[in-house]
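Chain by chain, the residues run as shown.
Protein chains: 4
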Amino acid sequence: MSRENWSRWGEHDEIGALNLVGAEEILAATALVQQGKVASLAQPLSKKTPVPSHRTGLLHFMDRDGGDYAAGARSVHGFQFAEDSVVMPLHLGTHIDGLCHAWSEDQLYNGHASTEITSTHGAKKCGVDKLPPIVTRGVLLDVAKRHGSPLPDGYSIGIEELKETAENAEIRLKSGDAVLIRTGWLENQAGKRRHDINFNEEPGIDVSAALWLANSGAVMVGADNYAIEAMPFPEGTIFPVHQRLIRDHGISLLEGLALQEFAQLGIHEFLFVAAPLPIVGGTGSPITPLALY
Amino acid sequence: MSRENWSRWGEHDEIGALNLVGAEEILAATALVQQGKVASLAQPLSKKTPVPSHRTGLLHFMDRDGGDYAAGARSVHGFQFAEDSVVMPLHLGTHIDGLCHAWSEDQLYNGHASTEITSTHGAKKCGVDKLPPIVTRGVLLDVAKRHGSPLPDGYSIGIEELKETAENAEIRLKSGDAVLIRTGWLENQAGKRRHDINFNEEPGIDVSAALWLANSGAVMVGADNYAIEAMPFPEGTIFPVHQRLIRDHGISLLEGLALQEFAQLGIHEFLFVAAPLPIVGGTGSPITPLALY
Amino acid sequence: MSRENWSRWGEHDEIGALNLVGAEEILAATALVQQGKVASLAQPLSKKTPVPSHRTGLLHFMDRDGGDYAAGARSVHGFQFAEDSVVMPLHLGTHIDGLCHAWSEDQLYNGHASTEITSTHGAKKCGVDKLPPIVTRGVLLDVAKRHGSPLPDGYSIGIEELKETAENAEIRLKSGDAVLIRTGWLENQAGKRRHDINFNEEPGIDVSAALWLANSGAVMVGADNYAIEAMPFPEGTIFPVHQRLIRDHGISLLEGLALQEFAQLGIHEFLFVAAPLPIVGGTGSPITPLALY
Amino acid sequence: MSRENWSRWGEHDEIGALNLVGAEEILAATALVQQGKVASLAQPLSKKTPVPSHRTGLLHFMDRDGGDYAAGARSVHGFQFAEDSVVMPLHLGTHIDGLCHAWSEDQLYNGHASTEITSTHGAKKCGVDKLPPIVTRGVLLDVAKRHGSPLPDGYSIGIEELKETAENAEIRLKSGDAVLIRTGWLENQAGKRRHDINFNEEPGIDVSAALWLANSGAVMVGADNYAIEAMPFPEGTIFPVHQRLIRDHGISLLEGLALQEFAQLGIHEFLFVAAPLPIVGGTGSPITPLALY
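Residue numbers (numbering that gives the first Met the number 0), protein chains in the order written: chain A, 0 to 292; chain B, 0 to 292; chain C, 0 to 292; chain D, 0 to 292.
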């Protein structure tokens, strides 16, 4: 029942379900671009970006700036410039989880040993640098719209509700899809101070819904919440959707999507493009996913 | 003669030449996807990524890893995970320069005051967070191929050579194009230790070539080198191409492209997609640009 | 009335009142060591260390650790090691403010221009690297003990109360003294979560008390609170004690002292030793001050 | 023969030889302060501070600065301020090694398991936060002076040479001493660019000299080089002095001392004061050691 996709693409595989995306899927998805428009699905990254308390937020430092020149910095031959640095957790804002992010029993996706992830080298297996760019059909399942408003904290989206949401949008999932789920959670946090945001209860999918997506051919599952799945977790489990999707199915998760504006267009299938930063050994990457329609 | 695009899109504009990309350009570019394939044009990001000495390289830290579990960390209900943080300059590896990155006479592109860029707030004008995703026709001008090998350090590509390179590839530049130039510089650094790389001499374009691109409608100029332009600079100038393209034309630069593998395909036009991280007030962003073909 | 110590030690001076400490003061202070004991007056530095929300807390990252070896890292000739890095604001935990930390009218202590402090170079004047080690008589004014408990938030300690506290302890201030004031604030925060700590109201000294210390010869003023002075500030002022002591008198402040345990000894004069990290251009430094008695 | 001090101060001990410093040692050391003077033995911390290539140097960022005000930042009620942050390895510049820094066979000093050091918690045993302030007699063994110049790279100081150096200075080591060795290495690096410094060959002590110090009662061993011990290491060993002193004897090392100026005074015994930052779980700490004389 578990570890469904282990060995499916060979014992050395580190990209999982993304193996399902080939030229056919890309060409079919490209054909969905009809208006010639692009939507960014990324949150702004700043010190206000919601982040749970065990992670730090973005630190953005100027190495050189306009203030320096105002204070008298000399500009040689008229050249002036500014540059800057950041400190940030890789799971910040809109970000993708690499396949090494979550596991159990000391085995990552495809049976890779978790001891491949160390302080010295980062993740030598299933790092975010191994993920190819994700270019495929994107599908929006707008559960919040179905409810007429953001889902309440803790609301669990089951298989039936997710199926109906897809049917109402006349979407039939197929192999290679990147599925994006709108819960309304992120919109609900607008205006809150970072430390007032509740990261322990959120609307999200349950394991039945997650497995339906996996079995329907999803190669990536995203949502506009903190952790894709409903929280609090069912009794006796911790991040069960992470375990089933990332570890057993080799499906990357895309968290913290900004879907509010795009959802208002009523578009449910589109060319989805998301390109992780190739941080060698990283367990995730901030990302700016795009919907081309 | 200078400040060509100031006020062209209104006094408040902060995106410059990217205003030239509309639905027509996007649809035309999408039609170039014929094989259903994708190439990433990004370098790996690690502590080995070439970076000039005034900037630090990538620092990648594990907040939790597989070693922790090997050392006995308890996993509640079987859940195990890894996560990590980075410290990095925003102009690292393959990255885009925001329009606030370079200027002169205390005025950024479009006349915005450089005093809008401070330690406290970063860039309040022309920050990388203001740039829209770049989705348009990409054009590869493979100057290195023309020479049969990477160009020598310091080699300056002028307008005539760039024009001929385009003609030989049967490319006619048009409004909205993202132009990528291959010099071979990055390939030439392979295997060198970070501190042995010469960032003071590199092949790149000169001002005449840059202005030809701008006047031909380029909305972004990228290259596989450190700074787009030939170094050392002509006597009495410092980063003249940066000044003319970024400040006067409002054209973002895309530096450190990994073009070697893609260039071998011999494809010279394609759907180009590059989505900066929306770092509020940032002067640049690491990025994973894609060629869809 | 203001800028009392400007030019007192020459127009180039960057250390202010610490000029008052000479061999005589050091020898007299050394004579106070009679039991042969040492107390550290520093808080532990961790992600739990109290810090106001506009600053980040300590980030501590392992570059290599025991988990790596547990995960199979090879040890050559039996050698194993661990090392680590931190990200931290310099005004964190128990720390000293350099004389460049606070000012007004674009002039630092001694008339140095505030434009000497830039992103590119840090503080070229009055940086914490300019401060000499502080070795002199330390004096404890235990206002909290006088009240029998930590002072309430917002409590303002005036000149009379501070004088009486000194008199009761039979302490007569003299030139060269490092004065430490116990308000009980830090003890009161014990057990609170970082984000529940109120940094806008605290017990501390008022301007009259501060000036009395300055006029009595204090070369450094420390306290077991966030900002030495009472908060909220008197109407129409912001950090008035910082301005008067740091800028006008050239007196460094030492914030976040851990005084609870030491205060229980009932010792009111001792050899005080505090050595800032010589961070070039820094505006402050975390520090471990010592009382030798 | 090995693990000499394990269990000597109980199975839970985490401070090692520093247990040897008591009131008697402190009082005797205090009596050495006769001129009323203080010397700092710390290098400046900046991006120029020598650091081996596997560590990053100091990154110093301004969060707010004078340039901001020059660029128009508003100052409320006249208050202006600057503050800043750093990113740094803990083994940078003049720094102390905690007893968890080096070990072998998965056991730290006193038999503590190296699995106590993880990414999640840092060092739960023998962290630098466990070290008490070091206040005791300091002894300078000026080997470079004996040679009339800095020792050549790779020069190994043996037991006989160290003994003679002490004898010539009329120093008889005793229990509780902090021993500082001058090799001249740091002085020799002056003016070199960071990446031109050779961290693989340096003058330092050998194991015989190290054990003589340990057996003579040294509680801390410092030097003005990168790693206390001679490099390259004897065939078949890696950091043997680290292993013997830190792990077997529980003696902290103090590296990167700035001794040139102090050595010129010709003072060979003094009150030594060094107070690590109490970074919870840290393996080391930058430090400003003092000689009071």
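Simulated from the structure, these hints should not be mistaken for laboratory data.
It is possible that some hints are incorrect.
Because identical chains cannot be distinguished in the list, a pair is counted as satisfied if it fits within a single copy or across any two copies.
What the hints assert, rightly or not - Cut-off 16 Å, straight-line C-alpha distance, at most; resulting in silico cross-link-like pairs (EDC-like, lysine to aspartate or glutamate): (1) Lys-46 <-> Asp-205; (2) Lys-36 <-> Glu-24; (3) Lys-36 <-> Glu-23; (4) Lys-46 <-> Glu-260; (5) Lys-36 <-> Asp-105; (6) Lys-46 <-> Glu-23; (7) Lys-123 <-> Glu-24.
Hints and how they fare:
no.: 1; hint: Lys-46 <-> Asp-205; in the structure: neither (31 Å within a copy, 33 Å between copies)
no.: 2; hint: Lys-36 <-> Glu-24; in the structure: between (20 Å within a copy, 10 Å between copies)
no.: 3; hint: Lys-36 <-> Glu-23; in the structure: between (22 Å within a copy, 9 Å between copies)
no.: 4; hint: Lys-46 <-> Glu-260; in the structure: neither (22 Å within a copy, 36 Å between copies)
no.: 5; hint: Lys-36 <-> Asp-105; in the structure: neither (44 Å within a copy, 35 Å between copies)
no.: 6; hint: Lys-46 <-> Glu-23; in the structure: neither (41 Å within a copy, 37 Å between copies)
no.: 7; hint: Lys-123 <-> Glu-24; in the structure: neither (29 Å within a copy, 41 Å between copies)
In this structure, the earlier hints numbered 1, 4, 5, 6, 7 are contradicted, and the remaining ones agree with it.
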